[in-house]
Amino acid sequence: MTVLQNKSDSPIAHLTPEDIESLGVELDAIRQSIVDSRGADDAAYIRKVIDAQRKLELGSRAVLLASLFPPAWFLGTAGLSIAKIIENMEIGHNVLHGQWDWMRDPKIHSTTWEWDHASPAEQWKHSHNELHHTYTNVVGKDNDLGYGIMRVDEDQRWVPFFLAQPLWNFLNACFFEYGIAAYDLELGRNLPSKKRRANPGFRANVKQTLKKIRQQVTKDYLVHPLLSGPSALTTLTANATANLVRNLWTHSVIMCGHFPEGVQTFERRSIDGETRGEWYLRQMLGSANISGGKAMHFMTGNLSHQVEHHLFPDLPSNRYAEIAVRVQELFEKYGLTYTTGSMPRQVLSAWRKVIRLSLPNGFIANHDRAAA
Amino acid sequence: MSTAVPTRGSTGSLLRRVIQRATTPLLPTDYLDLFDPLRSGAALRGRIVGIEPETRDAVTVTIRPGRGWAGHVPGQYVRVGVDVDGVRQWRAYSVTSRTDRTDGCLTITVKAIPDGVVSNHLVRHARVGAVIQLDQAMGEFVLPQARPARALFVTAGSGITPVMGMLRNAIDDPDELADVVVLHSAPTAADVIFGAELRALAADGRLTLVERHTDVEGMLAVDELADLVPDFAERRTWVCGPTGMLDALEAHWDSHGIADRITTERFRTTVVVAGDGGTVTFASSGTTVEADGATPILDAAEAAGVLMPSGCRMGICYGCVLPMREGAVRDLRTGEITTATPHESDSGGVLIQTCISAAAGVCDIDH
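Chains U and Z are the protein sequences, given in the same order.
Residues in the first sequence are numbered consecutively from 47, following my numbering.
Residues in the second sequence are numbered consecutively from 8, following my numbering.
Quick caveat, the hints were computed from the structure, so don't treat them as lab data.
Hints may contain errors.
[Unchecked claim] Quick look at which bits of chain Z chain U covers, simulated, 3 or more residues with Cβ under 8 Å: (1) 25-33; (2) 73-80; (3) 108-119.
[Said to hold, decoys possible] Interface residues of chain Z toward chain U, partial, derived using beta-carbon atoms under 8 Å: (4) Leu232; (5) Asp234; (6) Gly356; (7) Val357.
Yeah, the Cβ is synthetic: ideal placement off N, Cα and C, and Gly gets one too.
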């Protein structure tokens, strides 16, 4: 992969500016039809998910009170892992996007929600909603591209540091929520500079994040183990396992969204004066989906519909499946490639890219489908 | 929901802190709400336990309030938050029940008004068992401690509801209200809410009822008052009905120099009419901005030097959301109008995305 503008065979060469604007109009119409039909069923859906998630978490933590008994450990850990994944993905991520703000329920609102995550909601909303979703896949603007620690594009200059990026990526997967917290604080940019370190805004953010992490750690590694009495140690390992499972799962899902082969990146200059149609087009080419059944979509927080989510980040997640049908028709109509694949395939593809780009360009052949 | 804030010092605070640490980032109440949304200590809610028709377009809704309900004074209203098509809507309705109900329930009586989102929902679609949001009872439209010797209630349509709340609580006791005239307007006899009950009270001689059936007799005019209620000027008067009626009667009392003897109930202090552009006031900073109908409020405010929260500036990140306490805005992408009035919105205001909202009238933004 290389930024779209430098490609000899650009996948959008056949589109005229008028095509791109009419694509935008068609996407606006899809958005409007969903906005017009949002209603009681959607509200019931998110309330049901929140209700079920909280009961699953309570039930799992109750089972873990007896975690000394191995079947209880396995059952409780499995339940807690699932509950934690749902809390972050289908609920937290989507509520914080404002997908449910239209209900005007202060209990389920992007401005009041806090999630089971190392990064405080407020900071995550800034780096994710404002930066990543606005500058999706623009090299040098969207820090989600490699999180500042990896080379994920041929156009990023290779330095020997990147030789170890498969290891960085694996460690990031294991401690993903802390990686996100560090990334939301822009530690990579702020820590090396004395001036930036001293910035009161940065210091306040660090304090806020440390407080959040302390609360999270106290809950999972102190309070619940202590409440388990003789099962303290096994509850601690159960909670650590559930957090690890969630980290590995969410990292894999996120990798599938923008890293697989076939996903396009963009030059910084290319977004100057970008129209609404061009912005939509960038979201379409810069995202990749995961194919699968209903359970897969649910457990990824419907980020398996990454393309649709990037086109309409504030539409309710339970509607992405029906939106996807209409969006795919537009891909076909405008001669664009809808990047999708099974989870194992997409994870493998993303990992292959991480390994390939750990070496200077050309060491490992690029099997990019779009370039083939 | 918010991050747990440990409370210190009080008895049981250690246990409370441990539980809060165990549920963070949620509060223990978020879990308790799953099982008992009406318990004491919960945000005030109520469960609809009965819906009885009053007329062809009015119902009385019986609500079992949560344990935090502090009761009401007859004549007061309660704000209820009802989810209609998934969207929380707040409206104020007079409490019509007696204060001494043994079952602890309260009633509100709702008349469906044309295009009334909440009233039509409550009259036609609400179901027994539904949980709704409640506020504590409020309002100054109540009987004074020293009961008046003679009282007059002038009402129209659903304006009878706060008056019925007062009458039901006071009419049985001759020490309370001895001499009462009710002058009520409704399109027909069948449209009189509580018609049977009022007529029975009149037949018992406990009040004088003057019904005005406007389909046949036309609207009540102020100069008819002297004929219908000759001693109106000597009576302590309460009025509840459409704004036009309230304005006319207030002016009439004023012209007789007896403005201190009339109390009016205005549910809709302002009717928000969506226009094009408007004056936007930012309460905290005290700044007022003239914004046209094509400029996002965010841009207009920043141009006027207001320090605004902002993000993507295209309506996707929700980083610019602020509460509008009163006013109307237009979504620049869709043309959709969002309005807020103090009575009909969440107490914090309606949250709007300032980057894609243009003023569609006078707006009061809490920032």
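Worksheet item: In ascending order, which of the hints set out earlier in this document are inconsistent with the structure?
Response: 2, 3, 4, 5, 6
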